[in-house]
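Number of protein chains: 2
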Amino acid sequence: MAGDGSDQRALQYEQTLMYGRYTQELGVYAKEEAARLRESGQRRSVSDRSRTLDLLEYDKGRCAKCRRLGYPYVLDAPAHDFISVCTVRCQKFLISRVGEDWIFLILLGLLMALVSWVVDFCIAICLQAQKWMYGGLDSNVFLQYLAWVTYPVVLITFSAGFTQILAPQAVGSGIPEMKTILRGVVLKEYLTFKTFVAKVIGLTCALGSGMPLGKEGPFVHIASLCAALLSKFMSLFGGIYENESRNIEMLAAACAVGVGCCFAAPIGGVLFSIEVTSTFFAVRNYWRGFFAATFSAFIFRVLAVWNRDEETITALFKTRFRLDFPFDLQELPAFAVIGIASGFGGALFVYLNRLIVQFIRKQKAINRFLMKKRLLYPALVTLLVSTLTFPPGFGQFMAGKLTQKESLVTLLDNRTWAKQGIAEEFDYIGHSQAWKHPQVNVFVTLVLFIVMKFWMSALATTIPVPCGAFMPVFVIGAAFGRLVGESMAAWFPDGIHTDGTIYPIVPGGYAVVGAAALSGAVTHTVSTAVIVFELTGQISHILPVMIAVILANAVAQSLQPSLYDSIIRIKKLPYLPELGWGHHEKYNIRVEDIMVRDVRYITLNCCYRDLQNVLLTGHLKTLALVESAESMILLGSIERAQLQSLLSQQLGRPKRLEYIRERAVAEKKRLSVMSNPGSDDGSQRVSQEVRFQISTEESTFSPVRPVALKPLKPALKRSSVVERPTEIPTSPQDNSGIALKNLFCASPETEGLEDDGDVEDDMTIREISEWEEMQLDEQVNFNNCKIDPAPFQLVERTSLHKTHTIFSLLGLDHAYVTSIGRLIGVVSLKELRKAIEGSVTVKGVKVRPPLASFRDSGTSSSENEATELHKLWDRHKSMSLPREHTPSESDEKSQ
Amino acid sequence: MAGDGSDQRALQYEQTLMYGRYTQELGVYAKEEAARLRESGQRRSVSDRSRTLDLLEYDKGRCAKCRRLGYPYVLDAPAHDFISVCTVRCQKFLISRVGEDWIFLILLGLLMALVSWVVDFCIAICLQAQKWMYGGLDSNVFLQYLAWVTYPVVLITFSAGFTQILAPQAVGSGIPEMKTILRGVVLKEYLTFKTFVAKVIGLTCALGSGMPLGKEGPFVHIASLCAALLSKFMSLFGGIYENESRNIEMLAAACAVGVGCCFAAPIGGVLFSIEVTSTFFAVRNYWRGFFAATFSAFIFRVLAVWNRDEETITALFKTRFRLDFPFDLQELPAFAVIGIASGFGGALFVYLNRLIVQFIRKQKAINRFLMKKRLLYPALVTLLVSTLTFPPGFGQFMAGKLTQKESLVTLLDNRTWAKQGIAEEFDYIGHSQAWKHPQVNVFVTLVLFIVMKFWMSALATTIPVPCGAFMPVFVIGAAFGRLVGESMAAWFPDGIHTDGTIYPIVPGGYAVVGAAALSGAVTHTVSTAVIVFELTGQISHILPVMIAVILANAVAQSLQPSLYDSIIRIKKLPYLPELGWGHHEKYNIRVEDIMVRDVRYITLNCCYRDLQNVLLTGHLKTLALVESAESMILLGSIERAQLQSLLSQQLGRPKRLEYIRERAVAEKKRLSVMSNPGSDDGSQRVSQEVRFQISTEESTFSPVRPVALKPLKPALKRSSVVERPTEIPTSPQDNSGIALKNLFCASPETEGLEDDGDVEDDMTIREISEWEEMQLDEQVNFNNCKIDPAPFQLVERTSLHKTHTIFSLLGLDHAYVTSIGRLIGVVSLKELRKAIEGSVTVKGVKVRPPLASFRDSGTSSSENEATELHKLWDRHKSMSLPREHTPSESDEKSQ
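First to last, the sequence lines map onto chains A and B.
So in the numbering used here the end of the first sequence lands on 941, straight run, no missing numbers.
So in the numbering used here the end of the second sequence lands on 941, straight run, no missing numbers.
Think of the hints as simulated: they come from the structure by calculation, not from any bench.
If you're wondering where the values come from, they're calculated on a predicted model, not measured in any experiment.
Keep in mind that the hints are not guaranteed to be accurate.
[Said to hold, decoys possible] Output of the computed footprint for chain B on chain A, the stretches with three or more beta carbons under 8 angstroms from beta carbons of chain B:
hint, segment
1, 338–350
2, 363–370
3, 572–578
4, 586–595
Every residue gets a Cβ at the ideal spot worked out from N, C-alpha and C, and that includes glycine.
Next comes chain A alone, as it looks inside the complex (with noise of 0.2 angstroms):
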């Protein structure tokens, strides 16, 4: 079983050319994933218990040797001697003593810190090397251009190819697969130490090669695999590191870690994280982030200053505007017009990215041909990109020198390049003199560079290496900001302000403004306003980044999805939508209109055959267990799993043998009591005979049970799935275990049980079929069966809004429709997906209108319930005995 079960763990995940495609299981895979994880973490749970209480214990003093063998648990053989057995406790004890949250942050905070800095470093060094390359072969043009392109094809194909073979989950940003995961659905793939290596590895490379590509979001995976990989080593040492809820809470924490210590802006990459990952935040959970990322920061700037880059700990990208008066109250309309035009260019930049991905899958061809050769497409896109770039090409009226980090840092520039239109003479220091053409104006180079990088980045995010869009997207927003505000300066040349001093206009505000408000409009967040403040060490334009940031939101929240949520659809994975902005339907639209009223449940007095029923036609994960069919009241419910385990010990060889023991063991009494035929040997006739006529008539699959009174639809249909029963009568003779073998297909542990046992299996294939008839027939006994006492109740009347909030607060993948204990129907993901989409997707058709929702329920469905409840309580009154005063009420009524 192990070994079948670890082989069908083996996540589904389809390789495709960029992105990778899960088949549509992944949602019930996750689902069914999770429930292992819950339940072994429900086995683990007492030992974890005790475990801890033993530490509390071991802190009263006792000695630690009496109690050595009362915790066998603790050591992998008995050979380990006394001095470990005392070490190990006594790292134990500290450990769980010295308040280990506070470690594990500390801990997590410095490894990210370190990670961030020596991958800046190495990228550092790819960058001059192709710089230094590119340099020294200035005597030929065209060995310049195979420098300048061989590099970074090289780079990016290693990059590629080396995350394809070690662990393709690497591949992107990993910030939805993180949304994911903290949303409750577990994929743990994402987390191993594979991983980990792969991402750290390719992300270098990639970013090595100079290709418009970020660090922020593999930095929040890879925070995220700390983590995990970090409390999986402190588990060794025992404690607390095994529970779930801390280690989700300390994933959200991670998340935030990767945002700060990447830009070096903790508060920033607290709210931004928060923002990207999560629906609901605790705000307990709030301190957690705010610690580890801030000692990240420090650490991640404090290596910077050991290693002489800077004085002291400072900005990333330092500005030196102003403070005097940054602004002035006239640039607003500037400023928003920033914010709108980010808006669009954030929904287009997200919408382009989807489009790229979704033409190359469509075309079969090209699709099937680049699925062949892998590494292709990713070199075939950086040979484009990197040759468009070549500075001595096209490069030169794009500023194609530039490394990404040096752009930023020129398109921040304090000063201004341009006055009245034309580029102005001034000293262009250093990088800066990349934006000036001799004969191209300053303005035509900015337009250039905000198209080129706007397309070469959304096609640069597909290629599947480890890669963020922030970085990239914050750079042309800072170049679209530039060009702005270098019109403004044109425009007004002495400032706007008009009480008598000049006050001239600072382009490089106008270019934080863009960065923060097109990254804002991509990523759907607000916090991009806080990180350009740490980024750049000002915030003295905070209204304008305020505003602009907002706008962008509003304008790209009503167009496109988030980039994230884009790639979750791309990539299916299981997600829940946000309740869009003001459409006040939400609160008009009642579980009732979206519930599937036709749940799939199992009766407490069910037989297996209704079981084996319920299993093959439909493929829940768990089912609803009610009283009985008529009152409905739902007692909780069980898991497929469980229910298969449940048939198969019925079905299962086993049993069977056992019967054919017990059959002989009665053969054997009825030979030796053969001497004085009559009454015996009736009684076994009788027997047998009645057992023939059972399972002949149940043979004829007319069952009259009240359970099979209502025929039950399957919530989900599937051919494959239905069409099955009817194999069953078709081929009797086959029917040696069928029951089983429709089960588990493909199960092949389950002939290799077939060929063990010591009792020889002389049933003839119709005896065993007649055998299984009956067993079936038997009552379940769910005696052994986990059964889940409290699955999640809501009520017909309760809002899409409020279900929306209790799914995504609790993370649930389905809840029950219950009116007075009574199961009405089932709600699950898929449905309220449905159902969010459906009115989120304006005006057209809607899933349910709010009109289906327009019935009087505020009378009719209490008068429902009344009579429902009527029907239990004549029920009961029925099957309880006959009370002292039942004669006076029915006196009082003839009168």
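Could you slot chain B onto chain A? The hints should help.
Structure of chain B alone, referenced to chain A:
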């Protein structure tokens, strides 16, 4: 009933000397109120929904006229003419279409910015007036003193008196109340127009007096008031403004606006309000806060520009620190020291504040005296504080001349006041001169300022006027930071940096760090860091500030609750304490350890007497409805009020009169058929006999119904309530309507009902009592009863951690614990609070030690489950019809 209801609805708010206190009932009251609102909300929801639909349909362009008759509820009277209908409809259409969230938030932001600016303006005028009086009388010190002292005393006394008379709820900060409201408890009186007026005017006067009071807390409250009133106003135009969950969302946004427009700090405002008021935060509401707070902060600062106070939009307390080298790495230990010291200081402040309140409350004599002369306490405190700050007196040693704002500006100054320990003779321009004293060192002045202001602020915030404590604490923190900074500057006159360049230490930076750290420690928030950046307009000190704030929080949170939580406890508001950090025992306590096992319940087939018993012996607000006492299957919960009305219907006068009427008819019939006496008369006598027999049997109070088999201990014992049932048998003469009277003591309309009615009530007291006994024995008809069909359920093994999460997420006040549908316990806020506090108040006695949950729940409880399930199953089998395969089953076993 309505009159009575509104009488009862008056909040049981006990006006005490300082904060006001709630009689213990508040929690109960609030829940009742919440239930009432919810119910009325449900009733409204139908019309709400049809109204919205109306709008949607209207959109399709039908004529408004022809639909006029169909929607009469829109019109107040049929006399309204066609034009007004059109106008109203157009308005409604516009409002419902143009994205009402935006409009609402913009209006809110605008309003709050105006309020904030006007309040600031008035405060500034008040303070100027005081200065002018003080300055004009410089010939005579005594007159100067009188003026200096009288002015604040008059203002504070007026503020206290005005608030007391108009709306005592306006006293204090308002943040604790908002926290409670956002937690889901309805405190209606806190959001009325009266409170708004009282708060705004009271606050202006209180701050105008120059006492060390803050404006932040009250502004959170004022913004929420604004939002509530605006919501009410907008609901006049129809639309979705009546939706409760939407209102909560808007209140959360309003809190952000309050902080945002107070400090012109949109980001900090949003974060601070989240940290201070929420436990779980919905990221989808994030934008609301940002949008409204940004708009509000923008307008607030634009007003300053228009008023020519400022040239352009800048920070409120702009600093001008060096950008290139804000601090050296080696200064970080000093910042850490500030953080830790601030942590202790913050905890001390909270403790001191609570101590003062509790001290005065305990001193009965003082308390009684001060309660009589309510305005004496504020006047005395003001007199004391203003005497000590009198500039020619003691005030000269503590810069008493400066207002709060002036002190803060001087403390954040970027020049160094002292070098080598001696006050440097630099040009003390403007207000900075106040810190310089001819005889006394600057250090002494600062120390005196800190010490004096510390207790003064703690004392002043207990005055019953609208006031906050944030700003005073902020100033004290800045002074402490300045002290450390000046010391550092004196210690290292040439700065710490070793590499050639001299970078002198900036004491102003230390002041920023100190301010953030101390205010963070008092309020238990990290976002004060963001607030200081926004207030000063500089973010260069981000790392020191973050480090200091986090350290301060760590220290303060481990010592004391936050100031707001402390006030919540003082005011006895219903609250749920936070889970502390690092206490991993919470993961080990289970619901089964804290739940109340004696659940009060009613069964589906109970009779009215059971209802009466349950109602008399307990006072829980909701009661569980189970199927029967044997099965204990939870069907739902019923509110107490519903049961009371059921009982009153059954025992009420109308029913009795009906009975009399019926009896009279029967009597008449008997008289008319007197001609043929015999069988009819006999049956009548028999029925009479039976009735008497039952009623006497019942009056002995020995019910043998299954419900009473388990004696129900009241979950919340209260002698006055428990004693009541014994009254019934002792005074059988007074039995008329006694059951009702017991339930509705002091409800006048029950008496009023007795007076009308056309049938003569000729029943004797004995007859009435008999009739009532008879009525009580009837089975309850739940048809007209509102049942909550899906109360929240937990499982025995749910951890405390998860329970806390669910309670705070969903704002529950109780949850039933079920095991496979069977009710086995109940957990209310009270138990949860006890358990958390027990485990949080460290080490000592825990309410339920972790050991309590150390039983092998993994095995035993599942066994339990199984046996319980078995019972259910057996029961079900016995009542279900014999099935056709049962013989085969038994047959097989016999084999």
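Coverage of the segment 572–578 of chain A by chain B, judged on three or more residues with CB within 8 angstroms: holds (count 3)
Stated coverage of the segment 363–370 of chain A by chain B [criterion: 3+ residues, CB within 8 angstroms]: holds (count 4)
Coverage assertion for the segment 586–595 of chain A with respect to chain B, Cβ distance below 8 angstroms, three residues required: holds (count 5)
Outcome, coverage of the segment 338–350 of chain A by chain B - at least 3 residues whose beta-carbon is closer than 8 angstroms to one in that chain: Since 5 is at least three, the answer is holds.
Hint compliance for this structure: no hint is broken.
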